[in-house]
Amino acid sequence: MRIFDAHRLLGPIPGDHVPSADVAGLLAELDHLGIDGAAVTPSGGLYGDPATEQPAEARHERLVTVPVVLPAVPGAGWPGDPGIVVASAPAMVRACPVRHRFALTGPVALGWWQELAAAGIPLALDAGETGLDRIRALLTAVPELRVLVLSPGYRSLRELAELLAAHPGASVETGTLVAAGAIEWLARRAGAHRLVFGTGAPVWDDAGPRFQLEHLRLPDADVELIASGSFDALRAGERP
Amino acid sequence: MSPVIDAHGHVGAWADFFVPEPDAAWLLDTNAAIGIDAVGVSHLLAVGRDTVAGNELALAEADRYPDRLGVWLVADPHHPDAAALLRDQLDRPGVWGLKLHPDTHLCPATDPRYEPLLELAAAAGVPVLSHGQTRSPYSDPGDLAELARRHPDVALLVGHAGLWPDGYDSAARLAAAQPNLYLEICGSRLTTRWLERMVAIAGADRVLFGTDACFLDPRPGLGKVRLARLSDADRALVLGGNAARLLGRRLPTALQEMP
Chain E
1 MRIFDAHRLL GPIPGDHVPS ADVAGLLAEL DHLGIDGAAV TPSGGLYGDP ATEQPAEARH
61 ERLVTVPVVL PAVPGAGWPG DPGIVVASAP AMVRACPVRH RFALTGPVAL GWWQELAAAG
121 IPLALDAGET GLDRIRALLT AVPELRVLVL SPGYRSLREL AELLAAHPGA SVETGTLVAA
181 GAIEWLARRA GAHRLVFGTG APVWDDAGPR FQLEHLRLPD ADVELIASGS FDALRAGERP
Chain G
1001 MSPVIDAHGH VGAWADFFVP EPDAAWLLDT NAAIGIDAVG VSHLLAVGRD TVAGNELALA
1061 EADRYPDRLG VWLVADPHHP DAAALLRDQL DRPGVWGLKL HPDTHLCPAT DPRYEPLLEL
1121 AAAAGVPVLS HGQTRSPYSD PGDLAELARR HPDVALLVGH AGLWPDGYDS AARLAAAQPN
1181 LYLEICGSRL TTRWLERMVA IAGADRVLFG TDACFLDPRP GLGKVRLARL SDADRALVLG
1241 GNAARLLGRR LPTALQEMP
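The listed protein sequences derive, respectively, from chains E and G. Residues 1 to 240 in the working numbering are what the first sequence spells out, letter by letter. Residues 1001 to 1259 in the working numbering are what the second sequence spells out, letter by letter.
FYI, nobody ran anything at the bench for these hints, they're computed from the structure. Mixed in with the good hints, there may be bad ones.
Unchecked claim - Here are some of the chain E residues that sit facing chain G, going by a computed Cβ distance under 8 Å: (1) G15; (2) A179; (3) D205; (4) A207; (5) P209.
Unchecked claim - Partner residues are not named here, just some residues of chain G that face chain E (Cβ under 7 Å, in silico): (6) V1019; (7) T1191; (8) K1224; (9) R1226.
Glycine included, C-beta positions come from ideal geometry on N, C-alpha and C.
For reference, chain E alone in the conformation it holds in the complex (with noise of 0.2 Å):
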């Protein structure tokens, strides 16, 4: 079974030493748990303005680099304009609403989602900085975008069931659905189609979510679907 983690973090952070501060350290960590590969997002684009810095990309075969996109006025986002966006077909791309100060169902920023849904690259929101209603507003506007939700934690499944649910455009991250029986209760009621394995990590645990990913009761098709196979669909740009 290949394991891809839709959700990881590469460069240093705030706050703590972590291995995966550089390439090297970060596919230790990789190997250490057998995951096969990684979306990571440059710690850089996270905690930095992208409007000044652009981090490098992650370049590595096992890796997929999540860029930090900044929708705003002329001169204080990044990129220029999304088309920019479009011509570089990033497998998905991730904003900070909050953390970055921008609307995110503002005039400028649904110019860019409309430009990034029709041309099937998915947007990743942190649930714990942007919150879900926000993201239901974004998915109430533009129906068509494709969004994965990271780190939704584990006290909102009822708010994410009715998600999954009214919006088709909507897939979850896993890493942190960690009440008892989580993964296999939003499976069953919006398929595992919309799960996405993932980890979040350094911030996150990583180990924990990898052990059971082992250890899902649930068909071998579906735990087949969370490890890689629903992120490949979304960065495919496939409809569920």
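Based on the hints, put chain G in the right spot on chain E.
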């Protein structure tokens, strides 16, 4: 083969959020599938609004699953007869010790109302597991260390090792400095990186495996210890050796530490 003992579990539902699998049957099926031999639980009714009824529900589960489920009796500092009630219940089969929830009971761990309950634990020779939460006015690990100093004959377990990652280092140093203070590690914020650091600072003999099931799923909790970069000897202590030593004859016979 060393036992695998989950030192921090629950059964029941909780008002703050939805728990898909709140029952002991699901928990024990899952534990059997992944290799957890026994779990000590408090009932969430007891953690919340009714310690008397909740403790009885937990004891009933221990009667139903005597070889695989033990009970932490929740100690309510507000109940005028708490010590007397708990004294009787401590002799019931399957009881592992006392559980303190200073945050839900709105009573700091160092409050005098906890004193008779700690004295009861000392007299009975049972460990005490407390919710621990860095910077909480009720259960900061520093306050739990003070409680441990006041009661040197009681093994005091800091639940969640203080919960927040920015407090793990301090909690581990407090445990290293206080012989009867232990770290119980359950929590969604723990990483293997921090587990390895806790073992290095406090010593493997001072760190206990816990999952917070059924708040949390026991599978990721166990995975953190199974996949941490620990020696086999240290991992065995964390997973169950320490719990077997502290719980002694209160564990099911098959899991008791061999002399």
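Tested hints:
1. G15: Hint on G15/E: holds, closest Cβ of chain G at ~7 Å, below 8 Å.
2. A179: holds, 5 Å
3. D205: Holds, about 4 Å.
4. A207: With Cβ-Cβ at 4 Å, under 8 Å, it holds.
5. P209: holds, 6 Å
6. V1019: holds, 5 Å
7. T1191: holds, 4 Å
8. K1224: With Cβ-Cβ at 5 Å, under 7 Å, it holds.
9. R1226: R1226/G check passes; min Cβ-Cβ to chain E is 6 Å, inside 7 Å.
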